[in-house]
Amino acid sequence: MMLDTSNQKKFVAKVDDLKVYFNSKRGTVHAVDGISFDVYKGETLGLVGETGCGKSVTGRSFLQLLPIPPGVLVGGSIIYNQQNNSSQRFETGSKPGFPNSRNFEFKKVDLLTLTGEEIRKIRGDSIAMIFQDPGKSLNPTLTIGAQLSEVFLQHRTEEILEMAGLGSEASGAIRRFASQRNRIFDKWLVNLSGNRSTKSRVEKAVADLVAKALSDTQVPNPVKLMDRYPHELSGGMKQRVMIAQALACNPDILIADEPTTALDVTVEARILDLIQELQQRRQTSVVYISHDLSLVRRICDRVAVMYAGRIVEIGTNNEIFKNPRHPYTIGLMKALPSADTARGELLAIPGNVPELINPPQMCRFFSRCAFATDKCKNQDPELEKVTNSHSVACFADVAEISGK
Amino acid sequence: MQLRDYILRRLMVLPFLIIGVSIVVFTLTRVGGSPIGIYLSHEMTPDEVLEIEQRFGLDKPVWVQYLQWAKGVLSGDFGWSGISAAPVADVFPLKLAATMELAAASGLVALFLGIFLGTFAGARRNRAPDHITRIVAVSGASLPQFWFGILLLIVFWANLGIAPIGRSDATVFASINHPTGLYTLDAILAGSLRAFWDAIWHLMLPAITLGYGATAIIARMMRSALVEELQQDYIDAARAKGLAEKLVLKKHARRNALVPTITVIGLTFGFLLQGTITVEIIYRWPGLGRWMAASVVRGDQGTLMTYVLFTSVLFLIVNLIVDVVYANLDRRVTLGK
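Chains as they are written, first to last, in numbering that gives the first Met the number 0: chain A, 0 to 403; chain B, 0 to 336.
Just so you know, these hints were derived from the structure itself, not from any lab. Treat the hints loosely; a few may be bogus.
Derived lysine-lysine pairs resembling PhoX-like cross-links, with alpha carbons at most 25 Å apart [claimed, not checked]: (1) A:Lys106 / A:Lys18; (2) A:Lys223 / A:Lys203; (3) A:Lys107 / A:Lys18; (4) B:Lys245 / A:Lys198; (5) B:Lys70 / A:Lys198; (6) B:Lys250 / A:Lys203; (7) B:Lys250 / A:Lys186; (8) A:Lys135 / A:Lys40; (9) A:Lys120 / B:Lys59; (10) A:Lys321 / A:Lys40; (11) A:Lys135 / A:Lys223; (12) A:Lys198 / B:Lys249; (13) A:Lys376 / A:Lys9; (14) B:Lys70 / A:Lys135; (15) A:Lys211 / B:Lys59; (16) B:Lys59 / A:Lys135; (17) A:Lys120 / B:Lys245; (18) A:Lys186 / B:Lys70; (19) A:Lys120 / A:Lys211; (20) A:Lys203 / A:Lys186; (21) B:Lys245 / A:Lys186; (22) A:Lys120 / B:Lys249; (23) A:Lys223 / B:Lys250; (24) A:Lys106 / A:Lys9; (25) A:Lys198 / A:Lys223.
In this text, all values refer to a predicted model and were calculated from it rather than measured experimentally.
Go ahead and model the full structure; you've got the sequences and the hints to work with.
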């Protein structure tokens with residue numbers, strides 16, 4: 000499962016010097032302060048760090064889902080390397096993951112500068128997101144089917160019309176019905192006797208798509224599930240629905256923002272397996288945001304460790320977990336219980352994450368670091384390469400200490 | 000059908016509630032003494048007074064009188080209205096039509112305008128439209144109707160002389176038939192633009208006075224409910240699906256924000272009924288509210304009992320409707336449990 004990233008240079012997304020600040024009464028919070036990383040095709044990239052280190056803000060930046068204001072996008076770019084044309088992908092949806100069978104339309108866009116209409120076409124289609132609490136991310140007053148169908152209505156109008164046996168000759172009202180762009184009299188128009196059978200064919204096509212998406216997530220009885228309301232489902236079931244919704248359009252990138260935090264451990268394992276299985280089948284890149292190191296170790300190909308709005312270390316799973324170079328990463332490892340940790344040997348990193356309001360030009364880990372020198376106090380370390388795939392932002396050479 | 004069962008069950012309780020309410024009110028109207036005063040005049044001799052007492056059964060014990068009243072109601076006889084000098088059953092429909100026209104005009108406008116303004120403000124939180132709506136809404140909710148109504152009256156009727164008072168112009172009233180008692184509807188039925196305009200013109204100030212407060216309450220509630228819904232995670236999830244902001248607002252946020260608002264709308268109905276009393280007195284509107292106010296002062300039991308009976312039934316039905324709408328909007332609500 001581990002991918003050799005050194006000869007996998009095909010990035011799907013390239014985050015470059017992303018800076019997101021938040022204006023507050025007490026000053027500007029540098030929530031994400033100049034981070035850069037690549038997301039490669041088909042890989043799982045783990046973003047780990049403590050609460051408030053900017054993981055979620057980074058994830059949300061991909062889809063322009065930041066609260067602006069008070070948030071301010073100060074700089075940087077997220078170049079998205081569009082993998083293929085979405086409608087072609089749909090037609091070959093039965094055998095995804097075989098890029099040779101399709102014509103690639105390479106197109107690079109900066110996700111941060113897209114207009115509202117442009118980013119909407121990407122949201123849920125090319126880049127999808129799963130949220131932390133499945134109980135809160137489903138609308139309580141709409142059925143599962145209604146909520147899932149929105150993705151298809153939004154991004155797959157042509158296919159729906161085709162499935163319903165209607166080509167380009169579909170009338171305006173029906174077309175608007177199949178794309179959720181109803182005008183004021185459309186409710187009445189689509190129910191006219193001439194349109195009613197067409198409308199039900201469209202509804203049938205949407206229902207088929209929804210049922211297929213649900214059955215991909217191994218829920219029992221997907222057709223019945225479509226008429227249920229979110230409160231009638233368990234947490235794990237709701238997260239399956241969310242996953243079905245996120246993967247409905249075969250996205251290139253899936254942003255998973257702590258998708259299992261609200262679930263219990265047994266359900267968590269099954270959800271993770273499901274995400275991995277679907278990801279491998281579809282060659283989706285996953286950005287997995289989590290504070291759970293053991294979980295990240297289990298599922299991620301590469302890991303980026305974040306601290307106070309910065310990436311302090313990034314590398315492959317092996318490099319990070321076998322050979323951590325940053326004092327913070329090392330501290331995190333020591334705080335991680337494992338089967339061979341003796342009782343009482345679990346160590347905590349002293350101190351707290353510093354406030355991110357107008358931070359000074361120095362290493363942000365300085366106050367908590369065991370290897371701090373005067374240099375760390377006066378200069379801000381940059382990410383530097385240790386190996387081709389492993390970078391660390393630290394002045395101290397802690398290789399030998401970590402070897403302990 | 001669960002819904003039908005629920006409605007039936009609620010309707011079955013209705014008679015018992017009505018009996019309870021009527022007993023309490025009947026007793027209360029008697030605390031001030033016998034209602035005989037309404038039938039008397041200065042020239043009457045003690046013998047004549049006694050005769051009237053016997054005619055209306057006022058010499059009997061109070062509980063017998065209650066039973067007599069209840070028997071009358073069941074056979075469609077709601078008693079004698081002293082202040083109108085006519086049977087209650089004859090006067091009531093006319094008064095009801097007048098009040099309904101006023102309440103419907105202000106209520107419907109308040110409902111749609113309130114929801115619209117609330118959505119408008121909530122979606123533009125802390126921006127200029129929100130602040131302007133807030134000023135309108137807070138003033139609407141805090142200005143007492145008797146003050147606001149008189150203010151409008153002074154400005155538009157007394158000073159500017161552009162607004163009329165009462166319910167219609169006498170010559171216009173005589174020009175068409177009034178089969179429904181709702182003057183705007185009557186005017187439409189008669190096809191008279193002049194009568195329609197006259198009805199609207201007379202309706203304007205009372206409806207504004209009555210509807211302003213209700214609009215404000217609904218708008219405020221809708222605004223805060225919408226702001227709260229817009230902060231929920233499912234809103235971001237909807238955006239992450241690629242939905243346009245308009246759709247997120249209309250299909251997801253507004254629908255959910257309506258759930259708490261519906262409760263307030265139900266309560267506003269009571270506010271509206273209560274308001275008709277003040278507004279009808281200020282604008283000399285010949286409706287139920289003014290009728291009731293006069294009957295309280297004069298101790299006219301027949302009129303009063305009918306009014307109370309009617310409003311309690313109306314209130315219970317409105318609450319039933321609110322519950323049903325509520326359960327329809329939010330499927331987590333199960334009725335009758």
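Point to revise | Hinted pair lysine 198 of chain A and lysine 223 of chain A, Cα distance within 25 Å | key: Status holds; Cα separation ~21 Å.
Check your understanding: Is the hinted pair lysine 250 of chain B and lysine 203 of chain A satisfied, with a Cα-Cα distance of at most 25 Å?
Key -> 21 Å, holds
Practice item. Given the hint that lysine 120 of chain A pairs with lysine 249 of chain B, test it: the Cα-Cα distance must not exceed 25 Å. Key: 19 Å, holds
Check your understanding: When you check the alpha-carbon spacing of lysine 186 of chain A and lysine 70 of chain B, does it fall within 25 Å?
Key -> Since the Cα atoms of lysine 186 of chain A and lysine 70 of chain B sit roughly 51 Å apart, the hinted pair is violated (cutoff 25 Å).
Point to revise | Distance restraint between lysine 70 of chain B and lysine 198 of chain A, which requires alpha-carbon spacing of 25 Å or less | key: Judged against 25 Å, a Cα distance of about 57 Å means the pair is violated.
Practice item. Starting from lysine 120 of chain A, check that the Cα of lysine 245 of chain B is at most 25 Å away, please. Key: Roughly 15 Å between the alpha carbons, so the hint for lysine 120 of chain A and lysine 245 of chain B holds.
Practice item. Assess, step by step, whether the Cα of lysine 250 of chain B is no farther than 25 Å from the Cα of lysine 186 of chain A, and give holds or violated. Key: 14 Å, holds
Point to revise | Distance restraint between lysine 106 of chain A and lysine 9 of chain A, which requires alpha-carbon spacing of 25 Å or less | key: 13 Å, holds
Point to revise | Hinted pair lysine 135 of chain A and lysine 40 of chain A, Cα distance within 25 Å | key: 30 Å, violated
**Study point:** Pairwise hint evaluation, lysine 9 of chain A against lysine 376 of chain A, where the allowed Cα distance is 25 Å at most
**Key:** 38 Å, violated
Check your understanding: Given the hinted pair lysine 106 of chain A and lysine 18 of chain A, is their alpha-carbon gap at most 25 Å?
Key -> 24 Å, holds
Point to revise | Pair hint outcome, lysine 245 of chain B versus lysine 198 of chain A [Cα-Cα no greater than 25 Å] | key: 23 Å, holds
Hint check: violations occur at hints 5, 8, 9, 13, 14, 15, 16 and 18; the rest are consistent with the structure.
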